[in-house]
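Fit chain B to the known structure of chain A by using the hints.
Number of protein chains: 2
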Amino acid sequence: MRQNALLRSAKGLGVPSTARKEDRKAKLVVATPGLADDSHDHFVVRNGVRCAGVHLIVDLYDAKRLNDIDHIETTLRRCVDAAGATLLHIHLHHFTPSGVSGVAVLAESHISIHTWPEIGYAALDVFMCGKANPNECVPVLREAFKAKRVAVSEMLRGQGS
Amino acid sequence: MRQNALLRSAKGLGVPSTARKEDRKAKLVVATPGLADDSHDHFVVRNGVRCAGVHLIVDLYDAKRLNDIDHIETTLRRCVDAAGATLLHIHLHHFTPSGVSGVAVLAESHISIHTWPEIGYAALDVFMCGKANPNECVPVLREAFKAKRVAVSEMLRGQGS
Chain A
711 MRQNALLRSA
721 KGLGVPSTAR
731 KEDRKAKLVV
741 ATPGLADDSH
751 DHFVVRNGVR
761 CAGVHLIVDL
771 YDAKRLNDID
781 HIETTLRRCV
791 DAAGATLLHI
801 HLHHFTPSGV
811 SGVAVLAESH
821 ISIHTWPEIG
831 YAALDVFMCG
841 KANPNECVPV
851 LREAFKAKRV
861 AVSEMLRGQG
871 S
Chain B
711 MRQNALLRSA
721 KGLGVPSTAR
731 KEDRKAKLVV
741 ATPGLADDSH
751 DHFVVRNGVR
761 CAGVHLIVDL
771 YDAKRLNDID
781 HIETTLRRCV
791 DAAGATLLHI
801 HLHHFTPSGV
811 SGVAVLAESH
821 ISIHTWPEIG
831 YAALDVFMCG
841 KANPNECVPV
851 LREAFKAKRV
861 AVSEMLRGQG
871 S
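Chains as they are written, first to last, in this note's numbering: chain A, 711 to 871; chain B, 711 to 871.
Same shape as in the complex, but just chain A (with noise of 0.2 Å):
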């Protein structure tokens, strides 16, 4: 049974469509080992700065139903659908006595969360890269977890790279 609480939420999607994959198919055509300047167009362009992608920092204070797995299942995926990204595999992890560590692999890279139901605090990552929006994320989290504040911090990943 303990065994089975753990690894009650572990699923893969077979959905090979990504459109990390399909900004790479497009990419195909201009990357080369010489990395000419239009070899990268699946990049980022975020406020005037090229990246690899946008890394969103987001703690919850004072938050609720950080101990519900499923819902805590149920908002990560309305994540996904809000952010525009696609799904390729989650998994959650409740722990004894209390708290949820659960990771949303995208195709545009992924969502972590992992709680501490009995402060009210919750660490999130959410990081994208392509046309997914990390930001229509932090709404949904606010909403769902009921937050009474909700700190962001954004990085762009692989600047200059």
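A hint or two may mislead.
The calculated lysine-lysine pairs, modelled on DSBU-like cross-linking and capped at a C-alpha distance of 30 Å, are [claimed, not checked]: (1) B:K856 / B:K841; (2) B:K841 / A:K774; (3) B:K856 / B:K774; (4) A:K856 / A:K841; (5) B:K858 / B:K774; (6) B:K841 / A:K841.
To give a feel for the contact side, a few chain A residues facing chain B, derived at Cβ under 7 Å [what the hints assert, rightly or not]: (7) V755; (8) Y831; (9) A833.
Because the hints were derived from the structure by calculation, they are not lab data.
Note that this is a predicted model, so its numbers are computed, not measured.
Yeah, the Cβ is synthetic: ideal placement off N, Cα and C, and Gly gets one too.
Then chain B, alone, in the frame of chain A:
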């Protein structure tokens, strides 16, 4: 075949023993809804700051073997061992024509990697709570991918929560 390639390395590890879980069990003795001062025993103290966990953002530049999914999986497992963490689940995707995304779910949180082999770039994050030491992953990554430049930034998640 395409689907097999995408899902070739999704493995649920039925090992329920977890450092985080043990921490939480220990904490159960003192944790109450009222959050007594000593209820944060499982938190990390880093440079005198108490936090939920240490989150490293790691960028590898001019790196090699970033399209080798087996090597990436082996390296993630080596990172877990080096950090003294407990692996619960690991999942990797290989993209067409190139690139790998992978996540290792840990008892102590997670490691993620996303690679752009054509430009020698990889974006990782290493988030660990409890007694695991995420910094021990950095030399493993540097060596495994022969990265000419490694950038690491550290965030102390959940301060004051």
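Against the structure, the hints come out as follows:
no.	hint	result
1	B:K856 / B:K841	holds, 28 Å
2	B:K841 / A:K774	holds, 27 Å
3	B:K856 / B:K774	holds, 6 Å
4	A:K856 / A:K841	holds, 28 Å
5	B:K858 / B:K774	holds, 9 Å
6	B:K841 / A:K841	violated, 38 Å
7	V755	violated, 16 Å
8	Y831	holds, 4 Å
9	A833	holds, 5 Å
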